[in-house]
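Protein chains in written order, with this note's numbering: chain C, 165 to 277; chain S, 35 to 148.
All the given hints hold, so there is nothing to weed out.
Simulated DEER-style distance windows between Cβ atoms:
#, chain 1, residue 1, chain 2, residue 2, range
1, C, P194, S, T39, 29 to 37 Å
2, C, K233, S, G36, 29 to 37 Å
3, C, Q206, S, R78, 13 to 21 Å
I should point out that these hints are in silico values taken from the structure, not numbers from a laboratory.
Every value quoted in this text rests on a predicted model; they were computed, and no experiment measured them.
Idealized CB from N, CA, C, for every residue including glycine.
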Amino acid sequence: AQSVTQLGSHVSVSEGALVLLRCNYSSSVPPYLFWYVQYPNQGLQLLLKYTTGATLVKGINGFEAEFKKSETSFHLTKPSAHMSDAAEYFCAVCTGGYQKVTFGTGTKLQVIP
Amino acid sequence: DGGITQSPKYLFRKEGQNVTLSCEQNLNHDAMYWYRQDPGQGLRLIYYSQIVNDFQKGDIAEGYSVSREKKESFPLTVTSAQKNPTAFYLCASSPDRTGIFGYTFGSGTRLTVV
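Using the sequences provided together with the hints, build the complete structure.
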């Protein structure tokens with residue numbers, strides 16, 4: 165079985181501050197991990213994904229995430245928040261083998277000027 | 035450019051009426067999915083199809099129906115049996131049935147009961 169937990173349904177940061185969105189997963193086999201972003205009234209867009217290899221993954225718009233097996237975490241970070249980063253972010257896990265992707269419940273990021 | 039097209043963007047349904055949401059992809063992806071999104075509840079899987087002429091129920095299939103007659107098309111019908119259909123509906127696709135490459139999403143259809 166696989167699951168993903170996003171800590172904090174709402175996160176607020178000041179413009180220029182560090183963005184940290186938390187994601188923990190549960191999986192009995194090595195996971196594939198994803199972060200998606202959703203702007204209001206739009207679909208989800210893939211930000212980045214971890215498959216195998218390097219544990220620090222860089223994505224679009226300056227975001228990155230680090231896979232930490234010992235902590236079963238895949239937190240999303242960005243050094244300096246921009247107003248355009250305000251959106252909802254979803255973490256997702258997949259274990260392959262014809263298992264569907266499981267999505268977290270999302271974290272809404274507010275950026276304060 | 036390749037992608038997923040959902041139509042219409044906004045849809046209004048009267049009580050007791052069936053409506054069909056369109057989803058078309060030109061990515062040559064094998065698998066397609068329908069999700070329902072309600073505030074604070076994340077994405078809930080309605081139906082998915084991993085190959086033409088085959089589809090499976092997701093977590094909340096009651097009151098919905100689908101077909102997959104062509105690889106590029108996966109329409110969703112919201113029937114009158116769905117008692118609370120007002121929601122944002124998202125269609126997605128993936129290259130294969132494993133999901134390991136991630137999903138591509140359409141821009142969604144917002145359905146409102148009037």
